[in-house]
Amino acid sequence: MTTALEIISPEQLLLARPVSMVVIPGTEGDLGILPEHSKLITSLRGGMIDIYEDDVIVDRFFVTGGFAEVTEDRCTVLADQIVKLSEINPDDAASELANATEAYRTVNETDTAAWRQASDRLITAQARVDALGAETHEKR
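So for the sequence shown, this note's numbering puts the first residue at 218; every next one is plus one.
Possibly wrong hints are sitting among the right ones.
Said to hold, decoys possible - Calculated pairs, DMTMM-like style, for lysine to aspartate or glutamate (alpha carbon to alpha carbon, straight line, at most 25 Å):
#  : residue 1 : residue 2
1  : K301      : E313
2  : K301      : D276
3  : K256      : E270
4  : K301      : D347
5  : K256      : D309
6  : K301      : D328
7  : K256      : D297
8  : K256      : E304
9  : K301      : E228
10 : K256      : D271
As the list claims (entries may be wrong) - Each pair of labels, with its calculated beta carbon distance range:
#  : residue 1 : residue 2 : range
11 : A320      : E245      : 35 to 41 Å
12 : D272      : W332      : 25 to 31 Å
13 : K301      : S336      : 22 to 28 Å
Simulated from the structure, these hints should not be mistaken for lab results.
Just so you know, these numbers come straight off a predicted model, no measurement behind them.
Glycine included, each C-beta is placed from N, C-alpha and C at the ideal position.
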């Protein structure tokens with residue numbers, strides 16, 4: 218049994234295929250989506266989308282945020298930005314984390330919008346570095 222998965226970026230339909238399961242980074246935690254899942258709509262945080270065939274991860278993407286709509290037979294991900302994990306440059310990810318950390322440290326905390334933007338940027342940059350670390354660890 219499978220569920221239809223669609224991943225859509227602002228530029229294109231990135232992926233459309235049946236999968237055994239997909240794990241998405243919801244803002245309240247990771248969600249494993251299986252066939253016949255309850256309907257839901259959730260916002261996404263920066264993190265990994267893991268695509269399973271049977272019990273094996275066959276594809277991994279890093280998403281910076283967005284939304285997902287789940288029905289009994291489909292999961293549609295509308296991503297703000299998305300990239301295959303294998304295409305992330307570790308040096309660029311580390312540099313972005315350093316820049317995001319500095320921006321967060323220097324933001325005016327009384328400017329709520331600026332603080333939220335700096336916080337979101339830092340969380341996403343940290344998640345990207347963490348995803349690379351997890352991938353390296355899994356290959357050992």
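Against the structure, the hints come out as follows:
1. K301 / E313: Status holds; Cα separation ~17 Å.
2. K301 / D276: holds (8 Å)
3. K256 / E270: At roughly 22 Å apart (the allowed maximum being 25 Å), E270 and K256 satisfy the hint.
4. K301 / D347: Given pair K301, D347 holds - Cα atoms ~15 Å apart, limit 25 Å.
5. K256 / D309: violated (37 Å)
6. K301 / D328: The hint is violated at about 34 Å.
7. K256 / D297: holds (22 Å)
8. K256 / E304: violated (32 Å)
9. K301 / E228: Roughly 15 Å between the alpha carbons, so the hint for K301 and E228 holds.
10. K256 / D271: holds (22 Å)
11. A320 / E245: 35 to 41 Å: violated (25 Å)
12. D272 / W332: 25 to 31 Å: violated (42 Å)
13. K301 / S336: 22 to 28 Å: holds (26 Å)
Violated hints for the displayed structure, listed by number in ascending order: 5, 6, 8, 11 and 12.
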